[in-house]
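Respectively, the protein sequence lines represent chains V and Z. Heads up: the first sequence begins at 0 in numbering that gives the first Met the number 0, then just goes up one per residue. Heads up: the second sequence begins at 0 in numbering that gives the first Met the number 0, then just goes up one per residue.
Don't take every hint at face value.
[Unchecked claim] In silico DSS-like links for lysine-lysine, alpha-carbon gap of 30 Å or less: (1) Z/K9 to V/K126; (2) Z/K74 to V/K68; (3) Z/K9 to V/K63; (4) V/K1 to V/K152.
Source of the hints: derived by calculation from the structure; they are not laboratory data.
What follows is the residue order along each chain.
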Amino acid sequence: MKSSVIIFPGSNCDRDMDVALKKFGFKNQMVWHNDKSIPKSDLIVLPGGFSYGDYLRCGSIAAKSNIIKSVVDFANSGGLVLGICNGFQILTETGLLPGILQQNKYLNFICKNVFVKINDKENKYFKNSKKDILELHIAHNEGNYFCSDVELKSLEDNNQIAVKYCNKDGLESDEYNPNGALKNIAGIFNKDKNILGMMPHPERMIDSYLSGEDGSLFFKNLLGNLKQ
Amino acid sequence: MKVKVIITLKNGVLDPQGKAIQQTLNGMGYNNVNEIRQGKYFDIEIDEKNETKAKDKVEEMCKKLLANLVIEDYKII
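Work out the full structure: start from the sequences and follow the hints.
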């Protein structure tokens with residue numbers, strides 16, 4: 000399986016993502032934001048970081064970069080696009096995913112491990128997942144998901160909410176909502192569920208010594224589902 | 000000509016920064032400040048002599064890039 004990680008000026012999780020994808024068997028290639036096309040891929044990843052210094056709004060400048068048209072075409076033709084953290088912000092700014100990531104409710108940059116509950120398994124990302132609750136890492140200042148009531152209803156009706164913040168037992172409440180996100184939303188799909196944007200970083204949880212291995216589960220599962 | 004744009008958060012959208020600034024001003028003794036909403040201001044120099052045409056172009060820019068209409072409103076002045 001081939002994957003491509005797009006690098007924007009200010010991306011800083013691109014190398015981690017490259018290491019993670021390769022560790023689990025993807026043939027990964029790095030693609031520069033100024034390129035006009037993306038090599039043949041089964042998965043495109045928009046990594047975390049601070050593309051274009053978070054100027055104007057997080058992800059807003061990256062959403063107009065040269066490479067984005069190819070990403071949008073790939074996504075619209077059913078290709079898998081994964082946006083992590085700043086990648087999620089870019090996906091909302093392109094309009095591929097609804098809503099926006101606002102500044103965290105208490106104005107603090109949050110960097111810690113959290114638990115998220117998988118809300119939908121009828122998709123390539125989480126189908127056959129052995130776990131329902133994953134421990135992943137978050138590091139962001141703008142992760143407070145917001146959308147209109149109409150968009151929220153549509154997300155819920157179509158099972159587009161991918162992962163929600165919770166405690167280790169799966170309890171979703173304000174107490175376990177790190178950033179004030181609407182309905183504890185940590186990640187969402189588009190209607191066809193080929194596009195996933197989420198704030199937590201699975202690529203930071205792939206080593207049993209350094210972190211945990213719930214990110215490993217995510218990548219192994221994704222690769223397994225792609226091979227089916 | 001010059002076109003000015005003000006971007007504000009829509010009513011009902013939380014503005015934690017505005018709230019923090021308001022509380023700071025209250026703490027400094029400005030007790031009559033009840034609410035602050037923070038926004039953005041753009042000064043745009045555009046190569047166009049016709050005012051209507053210039054403002055139409057800027058409106059397009061607002062919709063495409065300068066504002067995110069999920070949470071923000073724009074005003075061209």
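Do the hints match the structure? See the list:
1. Z/K9 to V/K126: 38 Å, violated
2. Z/K74 to V/K68: Measuring from Cα to Cα gives roughly 29 Å; hence the hint holds.
3. Z/K9 to V/K63: 24 Å, holds
4. V/K1 to V/K152: Distance ~35 Å between V/K1 and V/K152 Cα, so the pair is violated.
The structure shown violates the earlier hints numbered 1 and 4.
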